[in-house]
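Colleague: First to last, the protein sequences are chains A and B.
With this note's numbering, the residue at position 286 of the first sequence is 286, and numbering never jumps.
With this note's numbering, the residue at position 44 of the second sequence is 44, and numbering never jumps.
Hints listed in this document are in silico derivations from the structure and should not be mistaken for laboratory results.
Owing to the predicted nature of the structure, the values given are computational and were not obtained by experimental measurement.
Be a bit skeptical, because a hint or two may be false.
Computed, partial: chain B to chain A, Cβ under 8 angstroms [what the hints assert, rightly or not]: (1) S123; (2) P171; (3) T174.
Ideal placement from N, C-alpha and C gives every residue a C-beta, glycine not left out.
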Amino acid sequence: MITFSKQQLKIPQLQRPVYLVTAGQSKFDRAFPDKRTEELCIDAFTMASRLLDISPAELKRYIHSCYYGHFADHFGDQLLGESVIHDRLGLDPLGNVGVKTGGATGGSTLWEGMKAVASGYSDCVLVMGWERMDEVPTDEGNFLISCAADKDWESPLGHIYTGYYAVMAQRYWQIFGKSEDSFRRTLAEISVKHHGYARFNPYAQSPMKLTVDDVLNSPVVAYPLRALDCCLMSVGAACAILCDEDTATQLTKNSKNKPLRVYIAAGSHTLRPADRLDMAIPLLPNETAEQYKDLGERFPGGDRYPGFTGFLAARIAAYYGYGMAGITDPSEDLDLVELHDAFTISDVQTYEDVGIRPYGYGRDYVESGDCYHTNPHTGQPGKLPSNLSGGLIGCMHSVGATGIMQTFEVASHIWNRWDELHGDEKVWQQFNREKPSDWTSLQVQGARRGMAISHAGVGSHVTSTILMDPDHLIK
Amino acid sequence: MSMFGQAFVKENKYKLKGDFHHLTPNTPIRNADDGWKLLGITNPREMTYIHSYGGEAIFFESLSQGKLLATRCDNAGCDSKGTIYIPFRIHCPDCLGKNTVIDLTDEAKKSAKIHTFMVCERSGAFNILDKPIKFINIEFDGVATILMSYLSLGEPKFAMRVVPIFKTSGPTFTILDLSWVPEGTRKEDLPEGFSF
Ligand SMILES: [Zn+2]
Chain A
1 MITFSKQQLK IPQLQRPVYL VTAGQSKFDR AFPDKRTEEL CIDAFTMASR LLDISPAELK
61 RYIHSCYYGH FADHFGDQLL GESVIHDRLG LDPLGNVGVK TGGATGGSTL WEGMKAVASG
121 YSDCVLVMGW ERMDEVPTDE GNFLISCAAD KDWESPLGHI YTGYYAVMAQ RYWQIFGKSE
181 DSFRRTLAEI SVKHHGYARF NPYAQSPMKL TVDDVLNSPV VAYPLRALDC CLMSVGAACA
241 ILCDEDTATQ LTKNSKNKPL RVYIAAGSHT LRPADRLDMA IPLLPNETAE QYKDLGERFP
301 GGDRYPGFTG FLAARIAAYY GYGMAGITDP SEDLDLVELH DAFTISDVQT YEDVGIRPYG
361 YGRDYVESGD CYHTNPHTGQ PGKLPSNLSG GLIGCMHSVG ATGIMQTFEV ASHIWNRWDE
421 LHGDEKVWQQ FNREKPSDWT SLQVQGARRG MAISHAGVGS HVTSTILMDP DHLIK
Chain B
1 MSMFGQAFVK ENKYKLKGDF HHLTPNTPIR NADDGWKLLG ITNPREMTYI HSYGGEAIFF
61 ESLSQGKLLA TRCDNAGCDS KGTIYIPFRI HCPDCLGKNT VIDLTDEAKK SAKIHTFMVC
121 ERSGAFNILD KPIKFINIEF DGVATILMSY LSLGEPKFAM RVVPIFKTSG PTFTILDLSW
181 VPEGTRKEDL PEGFSF
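Full structure from sequences and hints, please.
Modeller: In structure tokens form, the structure reads like this:
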């Protein structure tokens, strides 16, 4: 049984408030045969300066240190890729550092940037993430991704990461989903939703108008997971600028962007699910120990925690993050979320880890319609819309950029700039993509607070990035 | 003709034989839609790594001898004393003392059960297992962890009793030398090279 000390459970403290003032992203796609990575990073940076109505050169004058998220050197086939990008952005001789935490790289890079500003080391930092996943074909890419499993104990077993998730999916589906077809259809609904929202996002790689049956009839990758249950393999870049209060005020004075308070926390858990030891469920503020006492009776086999069905790293990232931001109930305190939907099943698992639903009841977040922009049952706004960007399934999973893309998506709603950023005909044309005739605004009306979850491996690293309109702080 | 790269150790130094890389020419990538203009280049690279199993070497050697090893913390002062780990952990994750190596073969034969599983229709490059691959995660009585492996015969189910089999003939000295079959499987039905 694992237990935590009081010191380990301390709510993280920042020395001073940190603000996100702008962000940007490139087009996301499976391959860019005609662009180098630096071109994509410059696209993202230029967008970030444009949203502040200043030139890239002017924005650069404020930057004091840089944090680069780029997970897989072997994908991009370039060690010290951070140095290439830093030089091409013309940011020498500022200090910079590379951050690598698998799928959570984007979130972890933001985490590092936040700490630099909070500590006073820098007043303004660049956080930039990217991934180059088109230098190898898909089977070889799956091999490279499987290198993020334990190389002696797991990777040789198929060299396919989806498989390492599928055993978790199987366990969740049989224990908490009770092997019901209705649960399988709920998973499929997530894919329909995310590919569907991607249709309204010109940056997104995989817009598709699907039905639940399309997902259920897509090829099996690793049963019960099918091709349309899985995230994309992508190329692209995303960036954000974090500042202290004075710099944030200066940088946003001519812009529609309002500085947003940012709180970021991180958690971790074993690389191999095999090594997860049994423990009591660490509780979030909206939970009690009492409610989990009979979990094993309600869901036979569901009493081992986190077992193969929960992500302790996500739970701990939420615990720290909610404590920092004063969140007591994510469904009440937040207006939207972007979750790390690497697979439809892990999306459901995460609803529980971050306290949107209690353990065992994640499916209800989808089935109730709460996760939609517009609740399909009531026609009213969804209670807590998720993954309006399209997520990793519909928009992209350009690993080092993903957590930053999610954070940008959340910010665009709080800035009330979603329509402008996604609806502009010129962006669709520039990306050679056709704006659908039924394009619909997904702006969350009156959004004040949101969260992005960035997640690695089979739950090895998770970050929670919470953004708030400073006029609507909780504490 | 080239020869596979091979290594052995003498006086704690690697001694190498054969080729650890092979040369394949770069070829241009051109744009068929734009006058076959140059866009990039292929970068072939085939290379052999030299990897030490370190303190886990005994585990992989023992598979080829039909034994499944685990480790246990026996430090009297450790809160996790008595905890058994497989995958094998060289050091206790709690006190960081050196764990005791124990033989788990009999316990595995008596108590191994499928905790979860999946059937994988697709694999990544360099996979050498036959598809579909039946991944299984196995729990043992008295063991704190759940081992990932693969089922060679039968269809996996939750709580199904399985027994370990070992590639004692022509071992690969990788985790693939350990596999599982349903309890009651006959010796003559085992895959080639494997024994109980
Ligand atoms: Zn110990």
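Colleague: Can we keep the P171/B interface hint, with Cβ of chain A closer than 8 angstroms?
Modeller: 13 angstroms, violated
Colleague: Minimum Cβ distance from T174/B to chain A below 8 angstroms?
Modeller: Status holds, d = 5 angstroms.
Colleague: With chain A as the partner, please determine if S123/B meets the hint condition of a C-beta pair closer than 8 angstroms.
Modeller: 5 angstroms, holds
Hint violations for this structure: number 2 only, all remaining hints satisfied.
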